[in-house]
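Chemist: This is what each chain is made of:
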Amino acid sequence: MATPVTVHAHAAPQGFIRKYIFSLDHKIIGIQYFFLALTAVWIGMALSLLMRIHMIWPTAVLPIVGEIKPETYLALMTMHGTIMVFFVLTTAPQGGFGNYVLPIQIGAPDMAFPVLNMLSFWTTFVAYMVMLAAFFVTGGAPLHGWTGYPPLSALQSAGPGEGLGADLWITSIAIFCLASLMGALNFITTTLDLRAKGMTMMRMPLTVWSWFITAILGLLAFGVLLSAGILLLLDRNLGTSFYVPQVVVNGVVMLHKGGSPLLWQHLFWFFGHPEVYIAILPGMGVTSQILSTFSRKPIFGYKAMVYAMLSIGFFGFMVWGHHMFMSGMSPYSAFAFSILTMCIGVPSAIKTFNWLGTMYKGRIRFHTPMLYAIGFVSLFVSGGLSGPFLAQPVLDIPLHDTAFVPAHFHLIMGVAAIFGIFAATYYWFPKMFGRMMNETLGRIHFFITLAGTYAIFMPMHWLGLAGQTRRYSQFTEVAYLQKLIPLNTFITYAAIITIAAQFIFVINLFWSMFKGPKASDNPWEATTLEWTTATPPPHDNFGGVTPVVHHGPYEYGVPGAPRDYVMQTDPAAGTAH
Amino acid sequence: MGLALLLLIWLITLLSTYFFVAKTWWLPAGAAAAAHWIDQQFALTFVLMGIVFLAAQLGLGYIAWRYREQASSPPVAYSHGNTKLEIIWTVLTAVLFIGLNLMGAPVWAHERFAAADANAVQVEVTGMQFAWYFRYPGADGKYGKTNVKLMDPSAGGEAAVGLDTADPAAKDDVVTGTMYLPVNREVDLSLRAVDVIHSFFVPGFRFKQDAVPGLNIHMHIKPTVIGEYEIACAELCGLGHYKMHGMVHVVSQEDFDKWLAAREAEKQ
Chain D
48 MATPVTVHAH AAPQGFIRKY IFSLDHKIIG IQYFFLALTA VWIGMALSLL MRIHMIWPTA
108 VLPIVGEIKP ETYLALMTMH GTIMVFFVLT TAPQGGFGNY VLPIQIGAPD MAFPVLNMLS
168 FWTTFVAYMV MLAAFFVTGG APLHGWTGYP PLSALQSAGP GEGLGADLWI TSIAIFCLAS
228 LMGALNFITT TLDLRAKGMT MMRMPLTVWS WFITAILGLL AFGVLLSAGI LLLLDRNLGT
288 SFYVPQVVVN GVVMLHKGGS PLLWQHLFWF FGHPEVYIAI LPGMGVTSQI LSTFSRKPIF
348 GYKAMVYAML SIGFFGFMVW GHHMFMSGMS PYSAFAFSIL TMCIGVPSAI KTFNWLGTMY
408 KGRIRFHTPM LYAIGFVSLF VSGGLSGPFL AQPVLDIPLH DTAFVPAHFH LIMGVAAIFG
468 IFAATYYWFP KMFGRMMNET LGRIHFFITL AGTYAIFMPM HWLGLAGQTR RYSQFTEVAY
528 LQKLIPLNTF ITYAAIITIA AQFIFVINLF WSMFKGPKAS DNPWEATTLE WTTATPPPHD
588 NFGGVTPVVH HGPYEYGVPG APRDYVMQTD PAAGTAH
Chain G
732 MGLALLLLIW LITLLSTYFF VAKTWWLPAG AAAAAHWIDQ QFALTFVLMG IVFLAAQLGL
792 GYIAWRYREQ ASSPPVAYSH GNTKLEIIWT VLTAVLFIGL NLMGAPVWAH ERFAAADANA
852 VQVEVTGMQF AWYFRYPGAD GKYGKTNVKL MDPSAGGEAA VGLDTADPAA KDDVVTGTMY
912 LPVNREVDLS LRAVDVIHSF FVPGFRFKQD AVPGLNIHMH IKPTVIGEYE IACAELCGLG
972 HYKMHGMVHV VSQEDFDKWL AAREAEKQ
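Those protein sequence lines, which keep their order, are chains D and G. Per our numbering, the very first residue in the first sequence carries number 48; after that it's consecutive. Per our numbering, the very first residue in the second sequence carries number 732; after that it's consecutive.
I should point out that these hints are in silico values taken from the structure, not numbers from a laboratory. Small disclaimer: the values here were computed from a predicted structure and weren't measured. Wrong hints could be hidden among the right ones.
Straight-line Cα separation of at most 25 Å, DSS-like style, residue types lysine-lysine; simulated pairs [stated by the list, open to error]: (1) G:Lys873 x G:Lys998; (2) G:Lys876 x D:Lys304; (3) G:Lys998 x G:Lys880; (4) G:Lys974 x D:Lys530; (5) D:Lys66 x D:Lys562; (6) D:Lys350 x G:Lys815; (7) G:Lys989 x G:Lys902; (8) G:Lys880 x D:Lys304; (9) D:Lys350 x D:Lys244; (10) G:Lys998 x G:Lys902; (11) D:Lys350 x D:Lys304; (12) D:Lys565 x D:Lys66; (13) D:Lys530 x D:Lys116; (14) G:Lys754 x D:Lys530; (15) D:Lys408 x G:Lys998; (16) G:Lys974 x D:Lys116; (17) G:Lys902 x G:Lys873.
So that you can see chain D by itself, here it is in the shape it has in the complex:
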C-alpha cells in the first residue's frame, strides 16, 4: 500500500497565466486537453464531410475549399485519420478525462509530476500545431494515409504533399510520441504511488484501471513509433534506405537500395494495434463506471473486468500482424497472428457479458451519460463482431482494404470511443464546471447520433462485401464501383445529418458551462472519490483533507445500508466490503 507523497505539493497559483495557461493543476491540464481534442474533432469531422461530398460529387466546387482534386481528397483523408487517432482518440479520453479524474479518484492531490504533466500538454499542443501547418505548406498535406506506408511516404517525388507536408506530418507524430511518453510515465507513477489510504489496487474504480493500463500500453507503443518515424525522416531527407528498396518513380531511378517496406508496417502496427486499445480502453472504463452508477448495482464481475482489460492489453501487443495478411509477409505467421487475434475477442466478449449482467435486474436511470454508455455497448458489439471476419486470413482476402475495414474500426475504435468521450463529458461535466448539462438537448443529441452513426457505418460493411476499395477519391473509374454510388450517397446524407447534430452538443456544452443549473457535489449519487469533494474540486482536490477509503468502488443497492449506495469513504460497517 502506497502512502500519499506530498513532496510535489504546490500552492494554488494566482496569476491568470499560471492558473489557466501554464498550469500545474491536473484539473486545468485535463480541461486543456479536452478543449484541444474538441477543436481537433471538429477539424477531423469537417475533413470527413469534405471527403464524403467529394466521393459523391467529384466535380463539385465548394465554397472556400474550391474544387477537390484526387490528391486533395487523399490529403483530407490522411489528415482526418491522423488528427482523429492522435489528437482526439488518444488525447481526450486519456489526456483529458484521465488527467482530470484519475488523481481525484485515487485520492491524490495532483499527478506525481505536475511539471511533466504541463510539459506533456504543451508538447502535445506543439505537435498539433505542426500537424495543422502541413495544410499550409507548398504541396499541402501528405497523401499517404494515416498509416504512411513507404515507399509512398518515403519518396518526395511519389506525389503531391510528399514534400514538406510529409516531413511536418512525421515530425508532428514524433513530437506527439514524446508527449505521450511523458504522460504515460506520469499516469503509471501516480497510480502506483499516490493512492489514498485504503485505496488498494482492487478497490480502484475501473476507470482508473483503464487509464493505468492505457498508460502502460502508451509507454510501450509510442517509443516504437517514435523510432520508426525518425527512420522514416532519415530515409526521406538523408538518403538512408531503411524502408526503401531500389525503386523507379515515373521513370526516374531513385538512389535508395536494399530497404524493406514491410519493416515500416511491422513497426507501425506494433504501435498501431495497441493504439486501438489506447483509444478504446478508457471508454470501457467509463462505460463500466456509468452502467454501474445508473443501474444502481455493483459492476458485474469486477475482477473479471480487471483481468479482461489486462489481457486485452497483453494480447494487444501480439496481434499487429493481422493488419498485414495481404502484405507479403510470411503466410505462416498469419496463423499465429490470427489465433492470437481471436484470443483477444474473448476478454472483449467477457466485458460485454458483464455490462449486460450489470444492467440486468438493476433500476436503470436514463440520464444522458447512461444513454451514451448503453450506446457504447451497442457499438462495441457491432464493431467487435466484424473482427472475427477480418481476423481470419482467408476472409481477409476479399475484405482487406475494402470499406468493410473502415466500417469495423470506425464503429469500434472511432465511434464507440467517441461515445465513451460523450458519456464521460455528460458524466463529469458537473464536477468539472460546477453546472449541469441540459438533459433534453443531451437526449436529442444521443438519439440522432446513435441512429446516424449506424446509418453511416453499417452500410459500409455492405460496400466492403461488394468489393468497394478503400481510399478511392471517386468511384467513376471502376464499373462495379459505379453501382455502389447510391449507397454511398445515402451514407453522405447520413453523415451530413449526424455532423449537424453535433452542434447540439457544442451548444449544450457552452451554454451549460455558463447558464446550466448549479450542480451539487454528487448529482448522480455515485460512490467514487471525486463525488466526495466539492464541485468543482479545490486546488488540492480535497481541501486539505486526505480521504481514507473503506469500500470497493461500486457499492450500490447494498442491503441494510441507509442509502442505496455506499461511498468509498463511508466508514466501514455492516456487510459492505
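Using the hints, position chain G against chain D.
Modeler: Just chain G now, kept in the frame of chain D:
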C-alpha cells in the same frame, strides 16, 4: 426513455440483419477455385456472428427497457457477479472464435503453402503508378531480364517494365495491359511493384495480394468461369489510386493460345 432506446436499438439491429440476410449488396459471384471455400467459411462466420449480434443487441435493448427505474421497481439484486457464468461464457467464446479460425486455415494453407501445378500458366504482374502490366514468358517458359534503367512508364508495354531486349530469354516475352487467362488452369502469379506498394485485387476471384517493391511474391489461383473481371488496386499508391484499374479476360484454353500467338506475332 427505456422504450425509445429499445425501439431504436431493435430497429437498427433488425434493419441491419435484413440487409445482410437479403444480400442486397454482397460479394460478386465467385469465379475461381478458392471462392467456394472462402464463401462457405464466410457464410458460417456470418451465421454465428449474426446470432451473437442479434442476441446481444436485442438483449441490450430489452434489459434497458425491462429494468428501467419505476416506482414499482424492486430493490436491485445486490451481486458482484457469478464466477461460474463467467467461466462458461469465456470457454464458449474461446471455442467459437478459435474453432472458426481453425476451420478457415486449410483454405489459406492450400493457396499459399503448396506450389502451383507444374503445368500452370506463368504470369508476372507488375504494378506502377497507376497501371498494371502483365508479362507472359513465352514458349521458353523463362522471363527475360528487366533493368530499372530501361524503365519508361510513358512508353507503356515492354518499356514500362524495363524489359532488356538484349537478353535472349526476353525475345518471346509478351507484355500487355490486359490480362488473359485460360479457364480451369492454374495460374502461377509473380507479383512485383516498381515504385510504391500496390495491391492486386480481383473481387470475382476472391483474390488479393500486395505487390511490394523489392519483393517477388508468388501466388496461385485457378479461374473457373469464362468472363471478364475487373482488377482494382487495393493499396493506396498515390493520387491516381482510384483509377488504377485493369481487366482480366478468362477465356477457353483454345482462345488463350490464339491470343498469345497473336501477341507473339505482333512482336516479330
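Chemist: All the hints need checking, so say for each whether the structure fits it.
Modeler: Comparing the hints with the structure gives:
At most 25 Å may separate the alpha-carbon atoms for a hinted pair to count; lysine 873 of chain G and lysine 998 of chain G meet this at roughly 17 Å. Taking the CA atoms of lysine 876 of chain G and lysine 304 of chain D, the gap is about 19 Å. The hint holds against a cut of 25 Å. With a C-alpha separation of about 22 Å, the suggested pairing of lysine 998 of chain G with lysine 880 of chain G holds against the 25 Å cut-off. Of the pairs offered as hints, the one joining lysine 974 of chain G and lysine 530 of chain D holds, with about 16 Å between alpha carbons and a cut-off of 25 Å not exceeded.
Under the criterion of a C-alpha separation no larger than 25 Å, the hint pairing lysine 66 of chain D with lysine 562 of chain D is consistent with the structure, at around 23 Å. Under the criterion of a C-alpha separation no larger than 25 Å, the hint pairing lysine 350 of chain D with lysine 815 of chain G is consistent with the structure, at around 13 Å. For the hint pairing lysine 989 of chain G with lysine 902 of chain G, the CA-to-CA distance comes to about 19 Å; that is within 25 Å, so the pair holds. A C-alpha spacing of about 14 Å is found between lysine 880 of chain G and lysine 304 of chain D, which places the hinted pair at or below 25 Å, so the restraint holds.
The hinted pair formed by lysine 350 of chain D and lysine 244 of chain D meets the criterion: a straight-line CA distance of about 21 Å does not exceed 25 Å. Between lysine 998 of chain G and lysine 902 of chain G, the direct Cα distance comes to roughly 9 Å. Compliance with the 25 Å bound is thereby established for this hinted pair. At most 25 Å may separate the alpha-carbon atoms for a hinted pair to count; lysine 350 of chain D and lysine 304 of chain D exceed this at roughly 52 Å. For the given pair, lysine 565 of chain D sits about 23 Å from lysine 66 of chain D by alpha-carbon distance, which is consistent with the 25 Å threshold.
Between the alpha carbons of lysine 530 of chain D and lysine 116 of chain D the distance comes to roughly 22 Å, so the proposed pair stays at or under 25 Å and holds. A threshold of 25 Å between alpha carbons decides the hint, and for lysine 754 of chain G with lysine 530 of chain D the separation of about 15 Å falls inside it, so the pair holds. Between lysine 408 of chain D and lysine 998 of chain G, the direct Cα distance comes to roughly 79 Å. Violation of the 25 Å bound is thereby established for this hinted pair. A distance of roughly 13 Å separates the Cα atoms of lysine 974 of chain G and lysine 116 of chain D; the hinted pair therefore holds under the 25 Å criterion.
For the hint linking lysine 902 of chain G to lysine 873 of chain G, the alpha-carbon distance of about 10 Å falls within 25 Å, and the restraint holds.
When the structure is compared with the earlier hints, violations turn up for hints 11, 15 and for no others.
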